[in-house]
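Please work from the sequences and hints to get the whole structure.
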Amino acid sequence: MLPPEEAEAIRRSAFDPALTDPAPGVSHYTNEWIDTSGKRYWIEWTNSVLHDTEGRMAYMVSIGVDISERRAAAEKIRVALHEKELLLQEIYHRVKNNLQMVVSLLTLQARNTDHPQARAALGDSARRIRSMALVHEQLYQSGDLSEINFGSYIGQLIHQIESSHEDAAPRVRIRTEVAPVRLGIETAVPLGLIVNELVTNAYKHAFPDGRGGTIGLCLQPLPGGELELSVSDDGIGLPPGIDPAQFRSLGLRLVSMLAAQLGGELTLSRPPEGGSRFTLRFVPERPEDKRLPASDGSHATRKPVQSAP
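Residue numbers (full-length UniProt numbering): 1 to 309.
By construction, these hints were calculated from the structure, which means they are not laboratory data. Every residue gets a Cβ at the ideal spot worked out from N, C-alpha and C, and that includes glycine. There may be inaccurate statements among the hints.
[To be verified] DSS-like cross-link-like pairs, simulated, lysine-lysine; straight-line CA separation at most 30 Å:
no. : residue 1 : residue 2
1   : K39       : K76
2   : K84       : K96
3   : K76       : K204
[As the list claims (entries may be wrong)] Restraint-style ranges between C-beta atoms, simulated for each label pair:
no. : residue 1 : residue 2 : range
4   : G224      : Q141      : 29 to 39 Å
5   : P272      : Q117      : 18 to 28 Å
6   : R119      : P272      : 53 to 63 Å
Next comes the structure, spelled out in structure tokens:
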């Protein structure tokens, strides 16, 4: 049985239109029924209207299917998914907090050492971990918990890098041009580390002796689903003859390894106007299409680091 007010609403929405609509049709609706024992059922109804030769309604066939178990199962899935999202959100939050604690320890250690190289190495490590923590912070704040707005992330990351190079910030400008792309954690973490390394490297080495200039950062989509990241500077440039496949500094070796992890192609060029430009092209992995290993156990093909003339 149905409460009178619900029965009246169904009559107005499902049955009354069938009396005036000249075209045969099918309508669907779902409502809750209560039997004489008080037990509740959810019934899914399908109404089919048949007309006579003069266009008048001759019959209405109503078929009801008990979907109580299906609705209960769907509700369990909804609750489980909500609990999973809450748990995942808490994990991102705790990972971010733990990474921030590691950053604090490294920063404290750097302040308490008198060795310049050790202090620099600890500072570099802290910046790398901070870039990873920022991804987890963005995921924690994201609505879907699977992707981040990489443009927003880059803005915060660049602010962190500038804060770490306050002595150079007044004379070195960073120009960003980042397309509004959303990336999953598998792509955002290594790509964020690459941006951190290349921009930091330009800050450190492209503008010696108080020289000013511009660091350019561009991320744009390409045909075929690829993304292209380029980090350039108009500084003194890298020495000629340097082999990008055999970088000696830890930071650039890390860039090369992360580019391979993304299955991308990293190139180094020296523009005619001076300076250096690193360009990375890769196909981002989407959260919904996790790449499975091939039958031989291999994964995505790694593209080598190349040097452009």
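Tested hints:
1. Pair hint K39 plus K76 holds up; C-alpha atoms about 19 Å apart against a cutoff of 30 Å.
2. Distance check on the hinted pair: K84 and K96 sit about 18 Å apart at the alpha-carbon level, within 30 Å; holds.
3. The hinted pair formed by K76 and K204 fails the criterion: a straight-line CA distance of about 55 Å is larger than 30 Å.
4. Our hint of 29 to 39 Å for G224 and Q141 holds, since their Cβ atoms are close to 31 Å apart.
5. Checked against the hint of 18 to 28 Å, the pair P272 and Q117 fails, with Cβ atoms roughly 35 Å apart.
6. Remark: the range hint 53 to 63 Å for R119 to P272 is contradicted by a beta-carbon distance near 38 Å.
When each numbered hint is compared with the structure, violations occur for hints 3, 5 and 6.
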